[in-house]
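Q: These protein sequence lines are chains A and B, in that order. Using our numbering, you'd call the opening residue of the first sequence number 1 and step up by one each time. Using our numbering, you'd call the opening residue of the second sequence number 1 and step up by one each time.
It should be emphasised that the hints constitute simulated quantities derived from the structure, not laboratory data. It is possible that part of the hints are untrue.
[Unchecked claim] So the derived label-pair ranges between C-beta atoms look like this:
hint	chain 1	residue 1	chain 2	residue 2	range
1	A	Arg417	B	Ala30	51 to 57 angstroms
2	A	Arg417	B	Leu78	49 to 55 angstroms
3	A	Asp450	B	Gln127	55 to 61 angstroms
4	B	Ala85	A	Arg27	56 to 62 angstroms
5	B	Ser207	A	Ala117	56 to 62 angstroms
6	A	Thr386	B	Val29	52 to 58 angstroms
7	B	Pro152	A	Arg417	19 to 25 angstroms
8	B	Pro152	A	Asp430	41 to 47 angstroms
9	A	Thr221	B	Ala121	53 to 59 angstroms
10	B	Val23	A	Gly341	54 to 60 angstroms
11	A	Gly341	B	Val165	29 to 35 angstroms
[What the hints assert, rightly or not] Where chain A lies over chain B, by a calculated footprint (3+ residues, C-beta under 8 angstroms):
hint	region
12	44-53
13	209-219
14	304-310
15	323-334
16	348-358
Heads up, the beta-carbon is just placed ideally off N, CA and C, and yes, glycines get one too.
Below are the chains, spelled out letter by letter.
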Amino acid sequence: MHVVIVGNGVAGTEAATLLRSRDRDCRITVVSEESDHFFSRTALMYVVSGQMSYRDIEPLERDVCARLGFERVRARVTGLDPERKLLTLASGEPLAYDRLLIACGSEPRRPPWPSYASLRGVGHLVTMQDLEWLEEEVHGRTAVDAPPRPRVHETDLPSPYKRRKAAAASSGKRSTRPVIVGGGLIGIESVEVMLAAGLRPTFVVREEWFWPIALDAAEGTWIAEELRHHGVDVKLGANVRDLVGKDGLVSGVDTDQGPIEADLVVVAIGVVPNTGWLGDAVRRDAAGGILVDEHLRTSAPDVWAAGDCASVRWFDGRVRPEQLWYTSRDQGRVAGRQLAGETDAAYVRGTWYNSAKLMDIEYTTAGLVNMKVPGEQSWYYEEKGTVRSTTRIVHTEGRVVGFNFLGRRWDHSVCTRWIQERRSLPWVLDHLDEAAFDTEFVPPLRIPADLRRQA
Amino acid sequence: MKLQAQQGLMTTYRSPWRNRGPVGIAISVALITFYCVLYFGGTTLTIPYGPSISWPDPLTPIAQALGLRHKWFVYGLLYSFGMIAGGTWYLRQHGNSRYHQLRIATNIAVQVVLAFCLPYALAFVGQPEYYFSYFWPLSYSNLFPETLQGLPPYLAAYSLVGAFVIAPAASVLFGKRWYCSWVCGCGALANTFGDPWRHLTFKDSRSWRFEKVAIHTILVTCLVMTIAVTVGQLLHFKAEWPYQLGGFLKGWYGFVVGAVLSGVVGTGLYPVLGPRVWCRNFCPMAALLGLTQKIGRFRIRVKPDMCISCGNCTTYCEMGIDVRSYAQSNTSFTRSSCVGCGMCAHVCPRGVLRLENAAPVASDKRRQGIDAVDF
Chain A
1 MHVVIVGNGV AGTEAATLLR SRDRDCRITV VSEESDHFFS RTALMYVVSG QMSYRDIEPL
61 ERDVCARLGF ERVRARVTGL DPERKLLTLA SGEPLAYDRL LIACGSEPRR PPWPSYASLR
121 GVGHLVTMQD LEWLEEEVHG RTAVDAPPRP RVHETDLPSP YKRRKAAAAS SGKRSTRPVI
181 VGGGLIGIES VEVMLAAGLR PTFVVREEWF WPIALDAAEG TWIAEELRHH GVDVKLGANV
241 RDLVGKDGLV SGVDTDQGPI EADLVVVAIG VVPNTGWLGD AVRRDAAGGI LVDEHLRTSA
301 PDVWAAGDCA SVRWFDGRVR PEQLWYTSRD QGRVAGRQLA GETDAAYVRG TWYNSAKLMD
361 IEYTTAGLVN MKVPGEQSWY YEEKGTVRST TRIVHTEGRV VGFNFLGRRW DHSVCTRWIQ
421 ERRSLPWVLD HLDEAAFDTE FVPPLRIPAD LRRQA
Chain B
1 MKLQAQQGLM TTYRSPWRNR GPVGIAISVA LITFYCVLYF GGTTLTIPYG PSISWPDPLT
61 PIAQALGLRH KWFVYGLLYS FGMIAGGTWY LRQHGNSRYH QLRIATNIAV QVVLAFCLPY
121 ALAFVGQPEY YFSYFWPLSY SNLFPETLQG LPPYLAAYSL VGAFVIAPAA SVLFGKRWYC
181 SWVCGCGALA NTFGDPWRHL TFKDSRSWRF EKVAIHTILV TCLVMTIAVT VGQLLHFKAE
241 WPYQLGGFLK GWYGFVVGAV LSGVVGTGLY PVLGPRVWCR NFCPMAALLG LTQKIGRFRI
301 RVKPDMCISC GNCTTYCEMG IDVRSYAQSN TSFTRSSCVG CGMCAHVCPR GVLRLENAAP
361 VASDKRRQGI DAVDF
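Only chain B is shown next, with the shape it has when bound in the complex (with noise of 0.2 angstroms):
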């Protein structure tokens, strides 16, 4: 078997589900209601000056009927099953490719194996529900005094050494895509079952400026909500208002981000916006990874004076960044936002780029020519 290069050439965008046309649009509303009912199923929700939706909580019976413990362990099954079909669907895509055959087997295994499996058998040996692939800033409230108080010893201890030191730690070395593209279930989810429509990316600079505005804006709020949270935690014995403030903090995050933006914007809009909505704007772990993969050993090395402009790079980022421009420019790069998920590399056809762990080096970084100006 053939470990490199495409597997022949793509159809993507005549394909009636994958360019943005009626039937995108169409799945894309499916998954904006899955989300609706998944998140708001059970509730009334009241929109400030607006109607009230009250929504049908249809998983819940069926996590009964599945001798499940609650609705989540569905959607976690559902999610499961999702992962699979899309990345049978990505390896027959790009599974040439022996970094996306690790990669994804990695993402599933995770999800299967950390995400489902378990956090429903940790129940069987009297352990709280845990999930071993999620931490703090994702998993917001992982680090809350209370939640720490509720867990074993070793859990509390794996919550804040993962948030501190092991997530930047391998973030330096590895670049953040040992999180984002190798464990963290989202990403998985975008990577596979989000990835045939990877190429909507925007990939224009002013949805660059956006980016940055937003994730970041959502990092510093994730971190004043969970100070507020902690500190109200730790005086409710004191005080109640900082208690009462923390909780209204922590549920407007919950809402705003952990339900609308990641589940509602970021899995609903896949078949318009592409699959990392969520990852590129608004994930505070990216943000945060983001942060530490720019002074860390992560780049695109970029081979001087080969590249011919296709755009196959740019085209195939999922997460918007314009390769190309760099490539022609013979610029190596490491860019924040970049979750490494060597599409990059495997779609050039000249054999441009490639991902690395290594320190930079000086001839990496001639400039010249069309970036010589300010664009």
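For reference, chain A alone in the conformation it holds in the complex (with noise of 0.2 angstroms):
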């Protein structure tokens, strides 16, 4: 049998070596357009930044690959035949496959602007290429380890994968005015990677206050302190309008609150499924992803699809992409488990939860968060001693349905049981300790005794 995976990302290399560990026989080739070696995307930050090394992100060794007896194809795909089960690469020829596991990802969102595709110094922070590029344009060369580049994009066929030109090579200038646009993670990601090189971005966010789908005013007013505490202009309920250009660089940025200088653009306004080289040959939702059931399986026979490029069906139960790195591991396991014949083998979502770093600090969530749950109601608390954090409990007719913490850390797996156990806010809050994650001698959080009574 020969199973193909595109993309080796993390839900690829999940579902490839899962499927190994079944299977010690079947024929593996995994598939990728942007990289030699299965890396961690959400360490591309640290590569620019220069807390990283390229190699310091590919969490397996490199030999794992003849180890496991995965074949490696460096190449784009443009088209899928299900009916003959062929995939085509970019050079013309084509890949038969027995099954096949679309783990393709995500390619970032493209802005409406009309000059936003003919200047340069404009781009992402998603791909192994934009990393490249950035780093260019921000320290003017690597810093160490950089991986070898090889021609896969001859073919001229848009990609994300293909390597942007840095406005810096042209100007022989690196970045001095960095201007991010996009008040998500990515977007406060690609602000520390300019604090880190020295530079004093500006941060333009569409929104009232940063990340309102995750935090409330308070929260999020908390964050944009400590962006402008760092030296960052923070510009809240920001739309631009277009970018403005000079000799094919950028210059500016035409904003409805006024024009920004800007010799460097990072566009952080989301990502959509990688799937348009799919055409009609699986069935895709308007927004692109591949529309999957529970099993992960696609409309084609044999076509499973897993990862960013999936539309699942979420805890709310609507169906779309679900576009972080866990999921991404956890649909690859299931994958990996159909590909190896586990036909009863099912993707299901529990309780939310997730985690970032706002530049110092730490963010956990669990549960209904911002969802709007009818009747409910937040418990809030500011710390503000030793450690500052701030500590909101969602709740609904007596009993809780969702946490958000900033500043602290938390095991968000004690908070999702409470949230299955349906326990009440008071319960929640004698037992709150009994979550706490921090690192060793930190003081642990004391909640007043009329906050707790109020309860």
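Could you use the hints to bring the two separately framed chains together as a complex?
A: What follows is the structure, encoded as structure tokens:
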């Protein structure tokens, strides 16, 4: 049996290794346009800043493909013929499969600005090639360990894995006035990259406060405060109308709050499924996500999809892509078992949780937060002592449904268990220390008695 | 002041002296030269079938000029300054963690008080020069009968109790970190002066295999040597050859392990191989405490299903442990080499890791996914 996996991200790699653990003999081919080795996309920012090297962000040893007998193909896949069970590579070569997993991930969402496509010095921070471009713009050169760049993009096909030409290469000057557009996680990561390079970036956020999908006004205000404290020019509620260019290089951003000078613009307004190449081969939703059932099967026989490119059923019942590292990993595991013939393997999404680091402030969430649950109320405590932290517990009808934490570490698995056990707010407050995950010697969170009584 | 998280971003690899470039190698050559002068100064070192090198001894005149009893006190002084400078650097980088604040403060206090001031002051009250922060097998001559006989009974008892009771018992309770990361001078130098290079430690499985063979070989060698010297010294009144054999083994062990591996290689290669070359590959004390740590309460707890495999933990592990491989497979773990410096937990952007002293919990042992295949 020949199993082909398109994409060597976390979903594809998990599926391949799990399949190999179940089936020692089948032929496994992993196709990637982006990179030779599986790497952690979540760590791209650390390579740009210099905190890690290219090799450091690869979770596995480099001989893993040889040891597990994975054949690697470094190419862009341009089409799928599910009738004849055939993939087409950019070179025109066909690649036949018996079973296929599509795990080709996301690509950056492109902005609607008229001059976006024509200017140098404008890009994203999503792919390995974005990293190389941004490194050149900000630092002029790589620190150590840059991977070899095989010529896989000779076809001139549009691709998120095409290396952009840097404005720094034309002007001979590294960026000094970077602007980051988009108030999400990649946006704040890009801001941190600029700060590490000693630059003072401008951060253009469309919303009224930072990251309203996850934070409320007070929490988002703290993050913005932290950013400003580090010298970031945070512009809230600002919409970009277009970019301004000069001699083919970006020179500014035109917003509804006025113009901003810029020699580098990182556009971080989200990601969309990288599924344009599939055409009508498998059914996709309006956003481009490949529609799958709970077994991650697509509309085509012997074709599965996992990770960012697949639209799965969320905890709230809606169907859309779930662009998270750990859900991609979980889906990859399910897909690996499916490829191995375990037809009952299913992807079941439990209670929502996530975490992040926003500048120096750690963030943990669990359950339904900012989801407008009927009758919801928030219990909120802002700690301003040796440790600064915020704790928000969302509850409705006498039971806790969500947690939002900033500034301290918490064990989300304890929180999700409490939500499933339908614990009441007073009970949760009495047991909150059981979910604490702070490092040793950090003074524990003490909730004032009057706040406890209010609950 | 905030006590957790990273203090902004680190630009580690972008500092020319920290990425194994020419500047780093030059620093390494300078350190190696210094250690050769320190250990071999005033002697002529004959390499078998090779040249003889006469090493100058500038440290002894410096000791005399400063009124210090011998060159090792000059070294102790430099050591203390190196640690204070490195400790300051460390706390500026990672000092927003209370664990690091307490640990580095303890390290510096132990070095300045127990490893410099106290040995110097003991002579004024008619006591021998004694280092309370070092135990057998690191201080390999501590248990020789002739050494013990030369000590007042309370110090001889401290040597024995320290090596056989205090060190192993504390390692069972707190992990070997109580010694390797809080007390030991070698570890303290690595974590202060050597900290800028911690990311350079090799993480691959080959280096792990080398480490396991090398460190346990040294432990066994140290044990055999100690027994041989002890027997030789005890039977000296009867026969000459066991005494000479013991002396021969002691001499070679002192040269290879005591001077070359702990000093010249162990510290000299900080900017090339990371700061724990000695602790990771050669220290017999680390080997012994590592074995007791394995049966003890210390572990690194992994928060389930939260790791994003970014690899900061592995990159900044000075012992070359692939922490990420445990974190991404939801496995709380105790590795015998882990010195519990706390950096993996500190640099984790998702707060996945926690150092703790606790009995293992069954639910933490959940293994799934990527480690289903034996890499």
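Q: Please go over all the hints and tell whether each is borne out by the structure.
A: Now for the hints, and whether the structure bears them out:
At about 56 angstroms, the beta-carbon gap between A/Arg417 and B/Ala30 stays in the expected band of 51 to 57 angstroms. One distance hint, 49 to 55 angstroms for the beta-carbon pair A/Arg417 and B/Leu78, holds here, with the actual separation near 54 angstroms. With their beta carbons about 59 angstroms apart, A/Asp450 and B/Gln127 fall inside the hinted range of 55 to 61 angstroms. Checked against the given bound of 56 to 62 angstroms, the beta carbons of B/Ala85 and A/Arg27, roughly 58 angstroms apart, stay inside it.
Between B/Ser207 and A/Ala117 the beta carbons are some 47 angstroms apart, a value that contradicts the proposed interval 56 to 62 angstroms. Checked against the hint of 52 to 58 angstroms, the pair A/Thr386 and B/Val29 fails, with Cβ atoms roughly 44 angstroms apart. For the pair B/Pro152 and A/Arg417, the supplied restraint of 19 to 25 angstroms is violated, since their beta-carbon distance comes to about 58 angstroms. Between B/Pro152 and A/Asp430 the beta carbon distance is about 56 angstroms. The supplied range of 41 to 47 angstroms is therefore violated.
Between A/Thr221 and B/Ala121 the CB atoms are about 56 angstroms apart, so this pair conforms to the stated range of 53 to 59 angstroms. Here the CB-CB span from B/Val23 to A/Gly341 is close to 56 angstroms, well matched to the stated 54 to 60 angstroms. At about 58 angstroms, the CB distance of A/Gly341 to B/Val165 disagrees with the hint of 29 to 35 angstroms. Coverage of the region 44-53 of chain B by chain A is violated [criterion: at least 3 residues with CB-CB distance below 8 angstroms; count 0].
Closer than 8 angstroms: that is the beta-carbon criterion, and the region 209-219 of chain B has 0 residues meeting it against chain A, so the requirement of 3 is violated. Judged by the Cβ-Cβ criterion of 8 angstroms, the region 304-310 of chain B is covered by chain A as claimed, because 7 of its residues qualify and three suffice. Counting residues of the region 323-334 of chain B whose beta carbon lies closer than 8 angstroms to any beta carbon of chain A gives 3, which meets the minimum of three for the stated coverage. Closer than 8 angstroms: that is the beta-carbon criterion, and the region 348-358 of chain B has 6 residues meeting it against chain A, so the requirement of 3 holds.
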